[in-house]
Structures are given as structure tokens and as C-alpha cells.
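Student: These are the residues of each chain, in order.
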Amino acid sequence: MRQQPVLEVRGIRKEFPGVVALDGVDFRLYPGEVHALMGENGAGKSTLIKVLTGVYQSDGGEVELAGEPVRIAGPLQAQQAGISTVYQEVNLCPNLSVAENVFIGREPRRFGLIDWAAMRRRATELVRGIDLDIDVSAPLNSYSIAVQQLVAIVRAVDVSAKVLILDEPTSSLDRDEVRQLFTVMRRLRDQGVAILFVSHFLDQVYEICDRMTVLRNGRLEGEYLTSELDQVALVSRMIGAELAGLDQLGGGKRRERTARTGKAFLQADRLTRRGAVEPYDLDIRPGEVIGLAGLLGSGRTEAARLLFGADQSDGGTLRIEGAVTTLRSPRDAIARGIAFCSENRKTEGLVGELTVRENIVLALQAARGWTRPLSRTAQDAYALKWIRALDIRPGNPEALVRNLSGGNQQKVLLARWLITDPKLLILDEPTRGIDIGAKAEIQKLVANLAEDGMAVLFISAELEEVLRLSHRVGVLRDHRMVAQLDNDGELTPERVMATIASGAHQ
Amino acid sequence: MNAHALLTRLRGQIPLLVTAVLLVSMFSVGSVQYEGFFSGQVVLNLLIDNAFLLVVAVGMTFVVLTGGIDLSVGAVVALSTMVSAWLVEQHGWPPLLVIPLVLLMGTAGGWLMGWIIHVFEIQPFIVTLAGMFLARGLCYTISVESISITDPQYTAMAQTRIPLGDLFVSPSALIALLLVAAGFVVLHYTRFGRNVYALGGSEQSALLMGLPVQRTKTGVYAISGFCSALGGVLLTFYMLSGYGLHAVGLELDAIAAVVIGGTLLTGGSGYLLGTLLGVLVLGLIQTVISFQGTLSSWWTRIVIGALLFVFIVLQRLITARRR
Amino acid sequence: MSTATTASTVKAVTRSRLFWPAAVLAVLLVANLAFTPDFFAVRLQGGHLYGSLIDILHFGAPLILVSLGMTLVIATGGIDLSVGSTVAISGALACLHISESTDPGSLATVLTAVGIALGTALVLGVVNGLLVARVGVQPIIATLILMVAGRGVAQLITDGQIITVTSDPYKMIGGGYWLTMPFAILLSALVVLATVLLTRSTALGLLLESVGGNPVASRLVGIRAMRLVALVYVFSALCAALAGLMVSSNVSAADGNNAGLWIELDAILAVVLGGTSLNGGRFSIGGTVLGALIIQTLSTTVYTIGIPPETTLVFKAFVVIAVCLIQSPAFRAKLAARAARTRRTTRPHPAAPTNREVGA
Numbered sequence: 001m002r003q004q005p006v007l008e009v010r011g012i013r014k015e016f017p018g019v020v021a022l023d024g025v026d027f028r029l030y031p032g033e034v035h036a037l038m039g040e041n042g043a044g045k046s047t048l049i050k051v052l053t054g055v056y057q058s059d060g061g062e063v064e065l066a067g068e069p070v071r072i073a074g075p076l077q078a079q080q081a082g083i084s085t086v087y088q089e090v091n092l093c094p095n096l097s098v099a100e101n102v103f104i105g106r107e108p109r110r111f112g113l114i115d116w117a118a119m120r121r122r123a124t125e126l127v128r129g130i131d132l133d134i135d136v137s138a139p140l141n142s143y144s145i146a147v148q149q150l151v152a153i154v155r156a157v158d159v160s161a162k163v164l165i166l167d168e169p170t171s172s173l174d175r176d177e178v179r180q181l182f183t184v185m186r187r188l189r190d191q192g193v194a195i196l197f198v199s200h201f202l203d204q205v206y207e208i209c210d211r212m213t214v215l216r217n218g219r220l221e222g223e224y225l226t227s228e229l230d231q232v233a234l235v236s237r238m239i240g241a242e243l244a245g246l247d248q249l250g251g252g253k254r255r256e257r258t259a260r261t262g263k264a265f266l267q268a269d270r271l272t273r274r275g276a277v278e279p280y281d282l283d284i285r286p287g288e289v290i291g292l293a294g295l296l297g298s299g300r301t302e303a304a305r306l307l308f309g310a311d312q313s314d315g316g317t318l319r320i321e322g323a324v325t326t327l328r329s330p331r332d333a334i335a336r337g338i339a340f341c342s343e344n345r346k347t348e349g350l351v352g353e354l355t356v357r358e359n360i361v362l363a364l365q366a367a368r369g370w371t372r373p374l375s376r377t378a379q380d381a382y383a384l385k386w387i388r389a390l391d392i393r394p395g396n397p398e399a400l401v402r403n404l405s406g407g408n409q410q411k412v413l414l415a416r417w418l419i420t421d422p423k424l425l426i427l428d429e430p431t432r433g434i435d436i437g438a439k440a441e442i443q444k445l446v447a448n449l450a451e452d453g454m455a456v457l458f459i460s461a462e463l464e465e466v467l468r469l470s471h472r473v474g475v476l477r478d479h480r481m482v483a484q485l486d487n488d489g490e491l492t493p494e495r496v497m498a499t500i501a502s503g504a505h506q
Numbered sequence: 001m002n003a004h005a006l007l008t009r010l011r012g013q014i015p016l017l018v019t020a021v022l023l024v025s026m027f028s029v030g031s032v033q034y035e036g037f038f039s040g041q042v043v044l045n046l047l048i049d050n051a052f053l054l055v056v057a058v059g060m061t062f063v064v065l066t067g068g069i070d071l072s073v074g075a076v077v078a079l080s081t082m083v084s085a086w087l088v089e090q091h092g093w094p095p096l097l098v099i100p101l102v103l104l105m106g107t108a109g110g111w112l113m114g115w116i117i118h119v120f121e122i123q124p125f126i127v128t129l130a131g132m133f134l135a136r137g138l139c140y141t142i143s144v145e146s147i148s149i150t151d152p153q154y155t156a157m158a159q160t161r162i163p164l165g166d167l168f169v170s171p172s173a174l175i176a177l178l179l180v181a182a183g184f185v186v187l188h189y190t191r192f193g194r195n196v197y198a199l200g201g202s203e204q205s206a207l208l209m210g211l212p213v214q215r216t217k218t219g220v221y222a223i224s225g226f227c228s229a230l231g232g233v234l235l236t237f238y239m240l241s242g243y244g245l246h247a248v249g250l251e252l253d254a255i256a257a258v259v260i261g262g263t264l265l266t267g268g269s270g271y272l273l274g275t276l277l278g279v280l281v282l283g284l285i286q287t288v289i290s291f292q293g294t295l296s297s298w299w300t301r302i303v304i305g306a307l308l309f310v311f312i313v314l315q316r317l318i319t320a321r322r323r
Numbered sequence: 001m002s003t004a005t006t007a008s009t010v011k012a013v014t015r016s017r018l019f020w021p022a023a024v025l026a027v028l029l030v031a032n033l034a035f036t037p038d039f040f041a042v043r044l045q046g047g048h049l050y051g052s053l054i055d056i057l058h059f060g061a062p063l064i065l066v067s068l069g070m071t072l073v074i075a076t077g078g079i080d081l082s083v084g085s086t087v088a089i090s091g092a093l094a095c096l097h098i099s100e101s102t103d104p105g106s107l108a109t110v111l112t113a114v115g116i117a118l119g120t121a122l123v124l125g126v127v128n129g130l131l132v133a134r135v136g137v138q139p140i141i142a143t144l145i146l147m148v149a150g151r152g153v154a155q156l157i158t159d160g161q162i163i164t165v166t167s168d169p170y171k172m173i174g175g176g177y178w179l180t181m182p183f184a185i186l187l188s189a190l191v192v193l194a195t196v197l198l199t200r201s202t203a204l205g206l207l208l209e210s211v212g213g214n215p216v217a218s219r220l221v222g223i224r225a226m227r228l229v230a231l232v233y234v235f236s237a238l239c240a241a242l243a244g245l246m247v248s249s250n251v252s253a254a255d256g257n258n259a260g261l262w263i264e265l266d267a268i269l270a271v272v273l274g275g276t277s278l279n280g281g282r283f284s285i286g287g288t289v290l291g292a293l294i295i296q297t298l299s300t301t302v303y304t305i306g307i308p309p310e311t312t313l314v315f316k317a318f319v320v321i322a323v324c325l326i327q328s329p330a331f332r333a334k335l336a337a338r339a340a341r342t343r344r345t346t347r348p349h350p351a352a353p354t355n356r357e358v359g360a
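Residue numbers (our numbering), protein chains in the order written: chain H, 1 to 506; chain Y, 1 to 323; chain X, 1 to 360.
FYI, nobody ran anything at the bench for these hints, they're computed from the structure.
For every residue, glycine included, the Cβ atom is placed at its ideal position computed from N, Cα and C.
Each hint should be verified, as a subset may be incorrect.
[Claimed, not checked] In silico lysine to aspartate or glutamate, DMTMM-like type, Cα no more than 25 Å apart, as pairs:
{"id": "1", "chain 1": "H", "residue 1": "Lys423", "chain 2": "H", "residue 2": "Glu353"}
{"id": "2", "chain 1": "H", "residue 1": "Lys346", "chain 2": "H", "residue 2": "Glu321"}
{"id": "3", "chain 1": "H", "residue 1": "Lys385", "chain 2": "H", "residue 2": "Glu441"}
{"id": "4", "chain 1": "X", "residue 1": "Lys171", "chain 2": "X", "residue 2": "Asp55"}
{"id": "5", "chain 1": "H", "residue 1": "Lys423", "chain 2": "H", "residue 2": "Asp452"}
{"id": "6", "chain 1": "H", "residue 1": "Lys263", "chain 2": "H", "residue 2": "Asp230"}
{"id": "7", "chain 1": "H", "residue 1": "Lys346", "chain 2": "H", "residue 2": "Asp311"}
{"id": "8", "chain 1": "X", "residue 1": "Lys334", "chain 2": "H", "residue 2": "Asp421"}
{"id": "9", "chain 1": "X", "residue 1": "Lys334", "chain 2": "Y", "residue 2": "Glu121"}
{"id": "10", "chain 1": "X", "residue 1": "Lys171", "chain 2": "X", "residue 2": "Glu100"}
{"id": "11", "chain 1": "H", "residue 1": "Lys385", "chain 2": "H", "residue 2": "Asp421"}
{"id": "12", "chain 1": "H", "residue 1": "Lys346", "chain 2": "Y", "residue 2": "Glu35"}
{"id": "13", "chain 1": "H", "residue 1": "Lys346", "chain 2": "Y", "residue 2": "Glu121"}
{"id": "14", "chain 1": "X", "residue 1": "Lys334", "chain 2": "Y", "residue 2": "Glu203"}
{"id": "15", "chain 1": "H", "residue 1": "Lys423", "chain 2": "H", "residue 2": "Glu398"}
{"id": "16", "chain 1": "H", "residue 1": "Lys263", "chain 2": "H", "residue 2": "Glu451"}
{"id": "17", "chain 1": "X", "residue 1": "Lys334", "chain 2": "H", "residue 2": "Glu15"}
{"id": "18", "chain 1": "H", "residue 1": "Lys162", "chain 2": "H", "residue 2": "Glu8"}
{"id": "19", "chain 1": "H", "residue 1": "Lys346", "chain 2": "H", "residue 2": "Asp314"}
{"id": "20", "chain 1": "X", "residue 1": "Lys334", "chain 2": "H", "residue 2": "Glu353"}
{"id": "21", "chain 1": "H", "residue 1": "Lys444", "chain 2": "H", "residue 2": "Asp478"}
[Said to hold, decoys possible] Computed footprint of chain H on chain Y, listed as stretches where at least three residues anywhere in the stretch have a Cβ under 8 Å from a Cβ of chain H:
{"id": "22", "segment": "80-93"}
{"id": "23", "segment": "198-211"}
Using the sequences plus the hints, can you model the full thing?
Tutor: Structure representation (C-alpha cells):
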């Protein structure tokens, strides 16, 4: 065994109303290592980080720093105890100078006043220390995100050099910037800093990390040396294999494959958006369900948003019913028969203080404009029809939508788009966080809609679900569409998993 | 990248530069147009006549730098004049006791508003709006009429002229300038001051960096309350009366001075020096209009409004390009 | 009737959005009886209705109008500080036109004057709307510009004087009687009705509530928020202009300095009292009307019981803070936490996180 861990967590537990986010998780971090924290969405990664940084208080378990039990009451206490965090969206003040961002809250002072010269001098030394040649008196926002990230690391290390948590630092960096970051990380590691690295990019994890801890559903799946666990094994440990039980829900057998005939409703050709998704091709025919598989953060949502005009593409072409189209806004997409159920129901989907009825008619009403209202009778008819069809509970159209459960909220969202009679329905994680009954109902609905001729783009992290519904599966990895696999009856979750892990076109 | 950094830094200074150019050109045009305009005393008079506005604007700058706003300043100024006049004239309290008391009252009121804003997460404008109602209303509970001040110490302050060569300034103008200097030191050379900027840059980040967000936020409103009370004290020196209708609309002038001085209304960027220039621009507009003679006083408001429009759109363009 | 249904009826009534404003208004009105025994008396004299209740409606009419516009602006999550200035400008323009015309008493002159006032308000509203919706300036700042400059413009129009006009048709708007009722009451009732129809029998109300309630989701369902937001500022300006006509007509004079002074604050207060949240979303026109009447009744009450009318401001201050505290989620969370703490002695954990991960 090596030396004593700098940070050790034993049996940590964190509950939220109705959910156990962390259930007895153990975790060790040694000085001078880069350690990856791996897990799918909901595995408990961010909860664990927030417990370590004092944003959340744990409900049980112990945290030891260098052998001493500690209680982390807040971000400031975490920093004082020697744990610093750098987040994906740089948490510094863009309006202040680089030097101030490094030193704010602990500026060098002389006679009670801030000693600017000393602060600049020391900040310059620190940034030079990681081979960064920048003017520390310039405001932070005059530099790229990558440089800002490095400045955040400089601050974090200088505040407390023991444990450095990097929460998805590479998401918005390009290749060269990632290399620069890794150089800095290696140097800090060699100086004895323990680094906890969270990333969705498997290649990066394998490039930089010595060990990894895998979480699944709030439990510890295992602790491994990177060299001992290959990518396929890692992905299967992250996703887990116990999903087989769900198979019984969809009626068991895979659906009949329809022949890939007819004209595509939508064709994407090298469609891309910088920093979101690399150029990809995709065509979807009426009656076809295309699944998008990939780990969280692999670019699934980003790819879909381009097809809905929620984000603008900056390369490639999009054809809708054969005609080259530029979608400037969701409104453009809706007018062409596209609908999009966002994965963030609360922030991007529902208007919480409006009623079920109002939420259901919202998209249709928006398309008609405010001068052509749907009559109350028509609204009630739509609401009641879909409340019944989807078994939305409570069945009261005048209930406030924010008081509904997750599954029922998802059904309201579906109903909202279905009354617009779309030709292409994009569903982003429609079954996440909802109970198993509602999940099966939604899956059945999707299958029926496709049989009736609707094109569906179905995004889900659950491979079983994707395979049960889709005619074809697009696999994304690291913001790239690495493969499109025909679901010919022989496609297995294991093969999709292998594709996610290896990125190969096989 | 260095050229880019330089450009970014310069872009942040555009409003300040525009204000400085505006000030110089207004003064030059005035000097050419009107006889007796080009004199040191005209400049000093700007300070003398606007000392209380400058003091209030200093407090407003602190608040705006955090991304907040304080609509109560005019009312607190009025309340301070009223309380001073009432205690000194009708109760015979000594001014040396009354003035600290008034300053303490303003500070406490500001602190309370800041506390409500932070703890209950209510928008600053609505809390300070309530503060404004309350302060104006309290004026009238003291008296609906104006109370004039005849206390010798107040009249002495009103009449004292501190000679500067051939020219002179009033004690109030000096107090205001001292406050600007003190404010500058606090903003640039203390941790509290830097926390003010950090808060305006990103409250979320300030919290995660472990900065004392609550103390800073309540602090700026307390400072604004103190400055308003001090502004009220200076106004009693100037007007020699306490009145509930003193300083009506002063909050707008103060905000205008801060904006014209180049402080971003979204917070995080700006200078007290800019606010000083902003106050001088506002004063100069009034001076030009009074020298002009045929233009009526309401042109002041129109010109201030037009300047506000230009500067707000300018700010918007600058921040939009930065993203 | 069984007790159970009585209880549920009571619950349904108290949970109605209009219950609290209505209750406050009722309490205020009843309290007046203690000071003025004939407070509720309405008498017919010379074909005109008189009485305290009529006065409240009459003098409250301009505030109701301004508050209506403010309600829609606040529903989108905005605020319009410029309404007071618009009140002054519109009154000044109308009175100027009438006073300069050769035939101030003719209906044509008055209609032109009204047209000029409303037309100008339209332009002012468009400027506010563009600044907020198109340029993206925060509403409070965008409308501050016109709040500052507008008073100057109004004084420029009146040349700093108070323009008095003698014109019977013009007097009708704010001071006249029609069918025994003050015309101002009828006019404001008409506008309230029109606004209810405009928002509730078209989809405007729903779309505004959606934009104010969740701007991101609104974009994703294809609502053209920019137009709607610009539109409410235009509507607010038009309402303010109408109120300006009413105010100047009632006193047959335009005062650029004092007309509509502080009315923006009263209007915001009326909207908030009526149960519309300053954060945007759900709005209630009925609540706003009640809110405006509460404020007017408060002024009347203070006046009749002999307190200096200016001290109403103190009451308003406490009402604003109380209502905002009740609406504040942080305040409610703290109250709930305190209630929980008294129930169990263990140290409570911080409030549940907003972005909770939910297991797939």
C-alpha cells in the first residue's frame, strides 16, 4: 500500500426528498495522483463533489483530511481545509484583473491597504510557474476560457495546495488548450497535489488519470487503476447491466423493422456548431425512430438542438423535405413541423405557474399567434383528450403544472407537442427521472406514433430503451457522431457500449 | 492576445473617456460663447452648488457597482434635513450631537434595506422604493411645512468661504471632495472595496470564492445611507432649512451622474472619479443653461435624459460585444 | 348545507387570488364608517351621483388606468417607470392644442387633442419597448430615461406654466357626468373591460404569462417574445396617456411639473397588492383594480380622519415591504424552516438544492 490518503471519505450518505443521491460511498484520494470520478447522470458525482466542497452537508459518513476527521460547513471552510474546486463555468469575476482573481479575499496588504505592486508581482510569479505568459493586470475577460480556467487553477492551488477538484474543466476547451491544461495538471501532480478530475471525455480520462472511482445510482461501483480497466469495461460499469428487467415492459419482442424507403423528412449534412458538436450526418424518414446513444455530455442534446433551431449551426446544411433550410429560431422549426421535448422539463419546458391545460395548448397557440386564440372549448377538448390518452394525473386540466410529478409533467410536455401534429418529434431523455409505469407508457406511445408515420429522434442514456424503440442508433462520443448502427435485431447493448467506449465504426 | 487585452481594457474606459471629452468640450464651448464663463470660480461653483449631489452619488456608486440600485437616497436626504431642523430648532439640541445622530440614522436605515435585500432576496429597487416612501412619509409626520434653521453654527457653515487664492470654496465642497477621496481609497485599496467589484462581476463566483457576500451587500447600502444622510446635512448648510420636499428626484440625478460617469448599471465596472466627472457634467449643464439665459431650467432634465439615453445604449453595446 | 361543504366553500373563496385584496379593501371601507357614518351613502343631486364611494372611484380612475398598463408590463417581468412622465406629457400636449385652437369648445378640437396625446404616447411606448425588447436594456433602466427626460419635455410643452383650458367636451373626460355617473369612472371601466377582453379572449394573456413565467421555455415553444414585450410597453404608455388626459381634464389645466408625480410608484404598488408578482408570470387585472382602489381608499381615509395626507407614504412603505416579503420565496422558505425547527430539535440542513440530480 502507498502512503496515507490525503482525503478519505467513508460511507458518505446524502438524501434529498424522495431520492438517495449518495448511499454509503467510499472514496480515497492520494497525494500526487490524478483521480477520475466516473459515472452517468444521476450516479452521484456532482453530489459527492458538492459534499466535498461544502455546498451540501452530508447526512452520514465521515470525511478525513490527512487522517483527521473534518466537517466541511461551506465553500470557505473547504478552502481553508485545503480543498479547492474549479468548475466548468469558470467561477471567477470576469471584470477583475487576473492578479485580483488570484488574490481576492486574501490580498497582500501594507498598513491595512492593498499592496497592488506586491499582488501583481506574486501573481506574475504564480502564472509564470505554470508557463502562462499573460499580463496579470489585464481584466480576466480579455482572455480565453482556457486561460481563465488556468487562472482559476492558479488561485485554487495557491489558496490551498492539497486537494484540487476539477469539475469538467475541458468541456469548452479545444485540443491545444486541453493539452496545456494537462501539462499544468501533471506538474501539480508531481508537486504532490491530489487532483480529482471529472470529465465526460473518456480519452482524456485515460490520458491523464492514474486511478478512477466509478459511481452508479448513488453507490460505489468500484475503484480501479486506469491501466487495469479498459474502456469497454468502464462503460459497462458506468451504465450497469441490471437494466434487463425493463425488457418485459415494452412487450418483449423488438418491433418489426420497416423498410428504409421513402424520402427523408430531414437530412443533416456535416451539420456542426463550434464547441457543441462536430460535423455530423443524419437523415430521418417518416415513420422512423432514430435513437441517439452516448454518455452524458457526449453531444446528444447539442446535436438535437441544431435540428430545432434552438442553437444556430455554423456549418453544414440542413434539408427539410428536400429543401435546404436555415433554422433561425425554434419558431422556424415548429413552422416546418418539428417538435422538441427538452430534457430540462422545469427550466426549458414547462411554465410552472400555468395550468396543465395552458401548458398543453401553449405551442399550438404560439404558432397561431395571439390574435387567433383557441377557444376555451377547444382548449378544454385538447386538454381532456390528452389527459385521458396519456393518463395524466391528477386529471384536472386546471391543476398547476408545477404540482405534478415528473412523469406527469413529461406527459404534459408530450401532449403539448402532439397537438401541433409534428412530422418530426425530438425527445431528449423523455423517460429520465420518472416512474417505471409512466416510462413504459411513453415508450409505447413513441412506438405507436412512429407506426402512424411520425419521424422520431429519441435521445436516451438507457441503451435498452434506445434499442427497443429505434430503427437505427446514432452513437455519439466526445461531441462526435462516431457511428450509425442499424438495429437489425442483432444489435446488442454490449455492441453499442463497445462503440461508445472505443469510438470505432464497428 | 496582448493587443486584444489592451483593447478590452480600453473599451471599458470608453464611457469615462466620452464623459471627460464631453466635460472639456462643454466648458470650452461655454467659455467661447459666454463672457465670464471661463473662470476658476465657475468650476468651483460647480462643486459648491452640487456638493450634496456629489456626496449622494458617491454612495450610489458603491451600490451600483454591486449591481444594485438605491431609490431611497433623495428621501433620506430630505429626512435628514427635516430631522436636523426639527431637533436643532424645535428641541434645541446642539448641532454637534444632531449631525452624528442623523448620520447614524441614515447608515442604519441603509444597512436595514441591504439586509432585507440580501436575506429575503427581494429586488433592490422595490426595497429601496419602500425606503423612499418611508423616509418621505416620516418627514411629513415631523412637519408638513418647511422648518427654517437659524442656529448660528449652521449659518456659519452656510456662509463660510474658504479662500483659495482669489477664489473660494465652501466647507461642504471640501467635505464632498474628501469623501470622494475616502471612497476612492476604500474602493481600490481595501478588501471590502474589491469585494464590491467582485460582487458586481458575479455574485455566484464571489460566494464560491468564499468572499463575505452578505457583509459586502449590506455594507454598500449602509454606505449609501450614510452618504445620503451626509448629503442631507450638507443640504441643510446650503438651504438652511428642513423640508419634506427637499431633494425630490435627487435619486435620478445621482443615478444619472453615476451612469454618465461610466459605471455599468449591471455592476462590476466603474470609478468614483467617473462619478465626480458625471456630477460636474450635470452641474455644467445647469450652468450653461443659466448662462445662456433664454433656455429654461427644464432643458436640464431633457439634456440629462438624452445623455442617459446615449450612455445606456453605449453601455449596452460595450457589454454586448464583450460576451 | 353540511359543514364540510361550507368549509370547502370558505377554503375555495379564501384561496381565490382576489380574496386578500378584496378583504383588505372591504376592511378599509368599513373602517371608514367609524369616522364617517354616512360613508356608504350615495345620493342623487341634480342628476349626478355623489358620495364617498363615487369619489374613490372617480379620483382612482387615472390610477386604475396606469396600473392596468403596468400590470401587463410586470407580467412580462418588466417595469415601466416612465408612466408618470407620460401622464404629464399627454395632458400638456392636449391642453396646449386646445388652448391654441381658435375654437377650444368644439368636439373636433378636443378629438384632435386626444389624438395628438395618444399618438405621442404611442411613440414613447415604442421607444421603451424597443429599448427593452430589441436593445436588451433592463426595463427599470430603459424606462428611467423617459422618467427623467419626460418631466422636462412636459414642462417644455407647457413652457413651465400651468396651461388652463376652457372646453366643455374636454372637461367631460375627467370631470364630466354621463348617465348620472362621473364620465371618468365609465371610461376607466370601459378600458378595464377592453383590457380583460384583449388579454383573455385573445391568447395575449396566456402568451404574456408564459413569457414572464419562463422566458427560455417560451422561446422553445416558438413564442415571439420580442413583439409581445414591445407591445406591452406601448399599451402601458397609451394607458398612461389616457390617465393624463383625465387628470388634466378634471382640473381643466396641464401642470408639467406635478401631473402624475409618483403615479408610477402607486401603480406598481397597486399591481403588487393585486397579487401579480414582480417576478413576472401570472397577472390579475381584477386584482390590480382592487389594488388601485385600496390605495385610493387609503388616501381618502387618511384625508378624512385628519392625518396629514402626505403620511400615507408611511403606510405605503409598510404595505410594499409586507407584500414583497409574502411573495418572496426566500422569506417563505425561512418561515417554513423556522416552523420545522420548532417541531424537531435537530439542526436542519440547507434548503433543498435547485438542481437536484434524479436517478435515471
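Student: Hint by hint, note whether the structure agrees.
Tutor: Evaluation of the provided hints:
1. H:Lys423 <-> H:Glu353: Roughly 29 Å between the alpha carbons, so the hint for H:Lys423 and H:Glu353 is violated.
2. H:Lys346 <-> H:Glu321: Roughly 32 Å separates the two Cα atoms, so the pair is violated.
3. H:Lys385 <-> H:Glu441: Holds: H:Lys385 and H:Glu441 sit about 16 Å apart, inside 25 Å.
4. X:Lys171 <-> X:Asp55: holds, 17 Å
5. H:Lys423 <-> H:Asp452: Roughly 11 Å between the alpha carbons, so the hint for H:Lys423 and H:Asp452 holds.
6. H:Lys263 <-> H:Asp230: violated, 41 Å
7. H:Lys346 <-> H:Asp311: With a Cα-Cα distance of about 19 Å, the restraint between H:Lys346 and H:Asp311 holds, given a limit of 25 Å.
8. X:Lys334 <-> H:Asp421: violated, 45 Å
9. X:Lys334 <-> Y:Glu121: holds, 11 Å
10. X:Lys171 <-> X:Glu100: holds, 16 Å
11. H:Lys385 <-> H:Asp421: Given pair H:Lys385, H:Asp421 holds - Cα atoms ~14 Å apart, limit 25 Å.
12. H:Lys346 <-> Y:Glu35: Violated - the C-alpha atoms of Y:Glu35 and H:Lys346 are around 67 Å apart, more than 25 Å.
13. H:Lys346 <-> Y:Glu121: holds, 21 Å
14. X:Lys334 <-> Y:Glu203: holds, 21 Å
15. H:Lys423 <-> H:Glu398: violated, 29 Å
16. H:Lys263 <-> H:Glu451: holds, 16 Å
17. X:Lys334 <-> H:Glu15: OK: X:Lys334 and H:Glu15 at ~20 Å, within 25 Å.
18. H:Lys162 <-> H:Glu8: Status holds; Cα separation ~13 Å.
19. H:Lys346 <-> H:Asp314: violated, 28 Å
20. X:Lys334 <-> H:Glu353: holds, 21 Å
21. H:Lys444 <-> H:Asp478: violated, 31 Å
22. 80-93: It is violated: at least three residues are needed, and the segment 80-93 of chain Y offers just 0 whose Cβ sits closer than 8 Å to chain H.
23. 198-211: holds (count 12)
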